[in-house]
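Starting from the structure of chain A, add chain B where the hints point.
Those sequence lines, one after another, are chains A and B. Using numbering that gives the first Met the number 0, you'd call the opening residue of the first sequence number 0 and step up by one each time. Using numbering that gives the first Met the number 0, you'd call the opening residue of the second sequence number 0 and step up by one each time.
It cannot be assumed that every hint is accurate.
Since the list gives no way to pick one copy over another, a pair counts as held whenever it fits inside one copy or between any two copies.
[What the hints assert, rightly or not] Derived pair list, reagent style BS3-like, types lysine-lysine, alpha-carbon separation capped at 25 angstroms:
(1) 72 with 420
(2) 47 with 368
(3) 414 with 27
(4) 123 with 219
(5) 30 with 124
(6) 236 with 272
(7) 72 with 30
(8) 414 with 93
(9) 218 with 26
(10) 123 with 35
(11) 35 with 325
(12) 219 with 26
(13) 30 with 111
(14) 325 with 124
(15) 124 with 35
(16) 30 with 325
(17) 1 with 124
(18) 1 with 334
(19) 260 with 47
(20) 357 with 182
(21) 336 with 27
(22) 27 with 154
(23) 26 with 336
(24) 27 with 218
(25) 30 with 334
(26) 62 with 334
(27) 30 with 154
(28) 417 with 124
Note that these hints are calculated values from the structure, not bench results.
2 protein chains.
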Amino acid sequence: MKNKINIAIVGLGQIGSYLLNELTIRKKNIKLLTGKDINIVAVSAKNKNKKRKFKINKKIFYKNPLKIIDKNKIDILFECIGLSDGISKKVVEKALKNYIHVITPNKALISKHGDYLSNIAERKKVNLEFEASVGGGIPILRTIKEGLSTNRITKVYGILNGTCNYLLSEMDRTNDNFKNVLKKAQTLGYAEPGNPKLDINGYDTLAKVRILSSLAFKKKISKNELLMEGIENIESKDFEIANQLNLKIKLLGITEILNNKLFERVHPCLVRKNSYIGNVNGAMNAIILDGNPVGQSILQGEGAGPGPTSSALMSDLLSILRGNIKNPLGVSSSKRKYISAFNVNNYENSLYLRFEVKDKPGVLSEITKHLAKNKISIQRLIQIPDNKLKTASIVIITHKTKQLNSDNCLKSLKKNKKILKRPVLLRLFN
Amino acid sequence: MKNKINIAIVGLGQIGSYLLNELTIRKKNIKLLTGKDINIVAVSAKNKNKKRKFKINKKIFYKNPLKIIDKNKIDILFECIGLSDGISKKVVEKALKNYIHVITPNKALISKHGDYLSNIAERKKVNLEFEASVGGGIPILRTIKEGLSTNRITKVYGILNGTCNYLLSEMDRTNDNFKNVLKKAQTLGYAEPGNPKLDINGYDTLAKVRILSSLAFKKKISKNELLMEGIENIESKDFEIANQLNLKIKLLGITEILNNKLFERVHPCLVRKNSYIGNVNGAMNAIILDGNPVGQSILQGEGAGPGPTSSALMSDLLSILRGNIKNPLGVSSSKRKYISAFNVNNYENSLYLRFEVKDKPGVLSEITKHLAKNKISIQRLIQIPDNKLKTASIVIITHKTKQLNSDNCLKSLKKNKKILKRPVLLRLFN
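Isolated chain A, as found in the complex:
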């Protein structure tokens, strides 16, 4: 690799403009570490004149990012737009095809098109790096690809979305409701001001789980249908009850090999209060890996925000500047296969079910009848009446229950008019 490196940044939102500043102030440091002189020769964003925290040189500004590739000799391109398709995909594709290394924090793009793009990168012998796409500043992908590379990993799970973890921690801490806590998170910058849906419904975590699976198990990125449940239905009374049971509520992303099948899932979990994962609070991310021979490894750090993301982007940059051409997903595309999905219907787990019901005789017996019919046995039952509203919360902790049975049971209870709301279902972590 030559000594003068031309860099382009596409997308100047929060991440892109922070990165631009970091590259400028750490230019000397990068030279010290790698011997390379970096120069930012092109930037691109929708709006040239938008107010940004960091200055941009308007002489190198492009409205159309694809033109950057035509008009400049670029060595490395940062894609910081963040779409799963559209211009994000186009610009990455075009860059790789033109022998340009690409660095991106875009999990939506990688989880959807990572195999396709890796294949291009491998053919063109350039790097496609995306450390920032999972776990923010935590170098989890590099740890799997390099630090733990010869381990047989059997399970990876953790808190992968800082927004959800902040919301759950705050609801637990303050006893405030979801709506208020979300508003606070948006003000503080922990949640998207416009549409935080993709964080809250689990989709963001899911994209990260797919990338982790591929790396940990050395397989193609799965396109399987899978279990995805968000945190939008959790209420403060769930935290109260969890507390009584010595549990905490966390949104976990989990991937593991079960009976030689891939089981990926995202859902809120009840974890023990004194467990490690139960004590990861606020916007923190944490990832736990079970591997052989290494045993259990834990990585924790700030999972989002421009600082941590930029740290990961810079580590990708340094990896490229040191001149290593690597397979983007660890093992070359031709050697990774698809792995079939574990049938979620067979998933057995203890459940926490909360029903909001009219406080009338017979309700509990109707619910327990349906449970019994679907072979769901009860481990613990808590009934909390609300005398003012003449309603009650019925919380049931079940023994291990098949997903299919709990689905059927909740379906059969749907039409019951004494049940006032969609029941809350949380899973106990085991």
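Structure of chain B alone, referenced to chain A:
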């Protein structure tokens, strides 16, 4: 790098023989990940016929490891003897000078001669890798060198010795004394059966701290005199009192930049019971880094034992097989400087002091007089009488106290005949 790689292993103790087996069973996996065929062409140990858990091929056995280099075309050599000097140093030196890559888990060697050996490796353009020297299976060195490479790290600390952490956790859990818990640890393989002194007195942690400092702050490995205190004087009553104060006792290794000076230290610390580090128990290791812009990062995993160590050794092997020639200490030797030591006399900290005294009038007033004379002010005092022995434990938690003052105070109390034992000094973590 060519496709057939010749490997030698020097030292076939617990680590070396486990590694030998791992390399054999993971040969295919290594080929998949790197395209390289590895062959173990020579092994060396003191005793050819010693009973080992894994079989060795006696046809490739050498008694003198230096002869391996003369008689074979070796590409990569594993040094698993573990001495800080002597044959460990000689064989590594000779290998590097003969353009052979070296991988070692030997922290004693690296913390003492790492700069000298790195210099040879850099000149000969080969790798010297030592991921396993710190944190066992936790890829902490790679994380600092690569994952967090452009961050400005200001502090690194953690639990770096699994033996001590096991002993402290067990004393806390069982209320048993040091001697018994040590015996149990030796039976279970958590402590050296022969001479566990280097673990217990903090020396092992210190060697790791020196390696971490060099990497985190991009400086030469320090040869500074520094604060090193072990866990040998801690008694079960210290755990009882710590518990009452909502604290836990942990042996921490800490390195930080204070007023542009390097402050490295190893000593038992009182940490908050509900803190992250307070909940790392058993033989686990954990490392916490404060960096900018990444924020705080935590890595936790099994810190010792052949499985985790072998995982780290294999990651070094893969890094070499992928063909990356890297500076062993991240930045080239010529660009790393020595950094002068923070004067430990000026270190200010809250202390926990426990005095075992004769239960006679005037003792407490004598102690407090000496404290006052040395400008040590008391935050909290606990007196626990032992009516049978007519003795008492006096525990004092001080306000922030200069190291020089506490040293002087303890020295001046040394001759006092009413004080029955050497006082226990623990530091509160802040």
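Going through the hints against the structure:
In this assembly of identical chains, residue 72 and residue 420 lie within 25 angstroms of each other by CA distance neither inside one copy nor across copies; the values are 59 angstroms within and 74 angstroms between. In this assembly of identical chains, residue 47 and residue 368 lie within 25 angstroms of each other by CA distance neither inside one copy nor across copies; the values are 64 angstroms within and 71 angstroms between. In this assembly of identical chains, residue 414 and residue 27 lie within 25 angstroms of each other by CA distance neither inside one copy nor across copies; the values are 67 angstroms within and 57 angstroms between. Taking identical chains as interchangeable, the C-alpha atoms of residue 123 and residue 219 lie at most 25 angstroms apart only when both belong to the same chain, with a minimum of 19 angstroms there against 39 angstroms between chains.
For a Cα distance limit of 25 angstroms, the shortest separation of residue 30 from residue 124 qualifies both inside one copy, at 24 angstroms, and across copies, at 19 angstroms. For the homomeric pair residue 236 and residue 272, the shortest alpha-carbon distance inside one copy (17 angstroms) is at most 25 angstroms, but the shortest distance between copies (28 angstroms) is not. Taking the shortest alpha-carbon separations for residue 72 and residue 30, only the intra-copy value of 20 angstroms comes in at or below 25 angstroms, while the best inter-copy value is 36 angstroms. For the identical chains of this complex, residue 414 and residue 93 are neighbours neither inside a copy (53 angstroms) nor across copies (79 angstroms), given an alpha-carbon limit of 25 angstroms.
Within a single copy, residue 218 and residue 26 get their C-alpha atoms only as close as 37 angstroms, which misses the 25 angstroms cut-off; across copies the closest is 19 angstroms, which meets it. For a Cα distance limit of 25 angstroms, the shortest separation of residue 123 from residue 35 qualifies both inside one copy, at 22 angstroms, and across copies, at 21 angstroms. When the C-alpha separation of residue 35 and residue 325 is checked against a cutoff of 25 angstroms, the pair qualifies both within a copy, at 19 angstroms, and between copies, at 15 angstroms. For the identical chains of this complex, residue 219 and residue 26 are inter-copy neighbours only, at 22 angstroms across copies versus 36 angstroms inside a copy, given an alpha-carbon limit of 25 angstroms.
Taking identical chains as interchangeable, the C-alpha atoms of residue 30 and residue 111 are never at most 25 angstroms apart, the minima being 35 angstroms within one chain and 28 angstroms between chains. Taking CA atoms no more than 25 angstroms apart as the test, residue 325 paired with residue 124 passes in both settings, with 8 angstroms inside one copy and 21 angstroms between copies. In this homomeric assembly, residue 124 and residue 35 come within 25 angstroms of each other (Cα to Cα) both inside a single copy, at 20 angstroms, and across copies, at 18 angstroms. Proximity of residue 30 and residue 325 under a CA criterion of 25 angstroms is satisfied in both settings, with 22 angstroms inside one chain copy and 15 angstroms between copies.
Taking identical chains as interchangeable, the C-alpha atoms of residue 1 and residue 124 lie at most 25 angstroms apart whether they share a chain (16 angstroms) or sit on different chains (19 angstroms). In this homomeric assembly, residue 1 and residue 334 come within 25 angstroms of each other (Cα to Cα) only across copies, at 21 angstroms, whereas the closest approach inside a single copy is 31 angstroms. For the homomeric pair residue 260 and residue 47, neither the shortest alpha-carbon distance inside one copy (49 angstroms) nor that between copies (44 angstroms) is at most 25 angstroms. When the C-alpha separation of residue 357 and residue 182 is checked against a cutoff of 25 angstroms, the pair qualifies neither within a copy, at 31 angstroms, nor between copies, at 62 angstroms.
With identical chains, the CA atoms of residue 336 and residue 27 are at most 25 angstroms apart between copies only, with a shortest distance of 17 angstroms across copies and 42 angstroms within one. Taking the closest pair of Cα atoms, residue 27 and residue 154 come within 25 angstroms of each other only across two copies (22 angstroms); inside a single copy the shortest separation is 40 angstroms, beyond that limit. For the homomeric pair residue 26 and residue 336, the shortest alpha-carbon distance between copies (20 angstroms) is at most 25 angstroms, but the shortest distance inside one copy (40 angstroms) is not. For the homomeric pair residue 27 and residue 218, the shortest alpha-carbon distance between copies (16 angstroms) is at most 25 angstroms, but the shortest distance inside one copy (39 angstroms) is not.
Taking the closest pair of Cα atoms, residue 30 and residue 334 come within 25 angstroms of each other only across two copies (12 angstroms); inside a single copy the shortest separation is 36 angstroms, beyond that limit. In this assembly of identical chains, the alpha carbons of residue 62 and residue 334 never lie at most 25 angstroms apart, being 39 angstroms within a copy and 41 angstroms across copies at closest. Within a single copy, residue 30 and residue 154 get their C-alpha atoms only as close as 38 angstroms, which misses the 25 angstroms cut-off; across copies the closest is 23 angstroms, which meets it. Neither within a single protomer nor between protomers do residue 417 and residue 124 lie at most 25 angstroms apart by alpha-carbon distance, with minima of 63 angstroms and 76 angstroms respectively.
The earlier numbered hints that this structure contradicts are 1, 2, 3, 8, 13, 19, 20, 26, 28.
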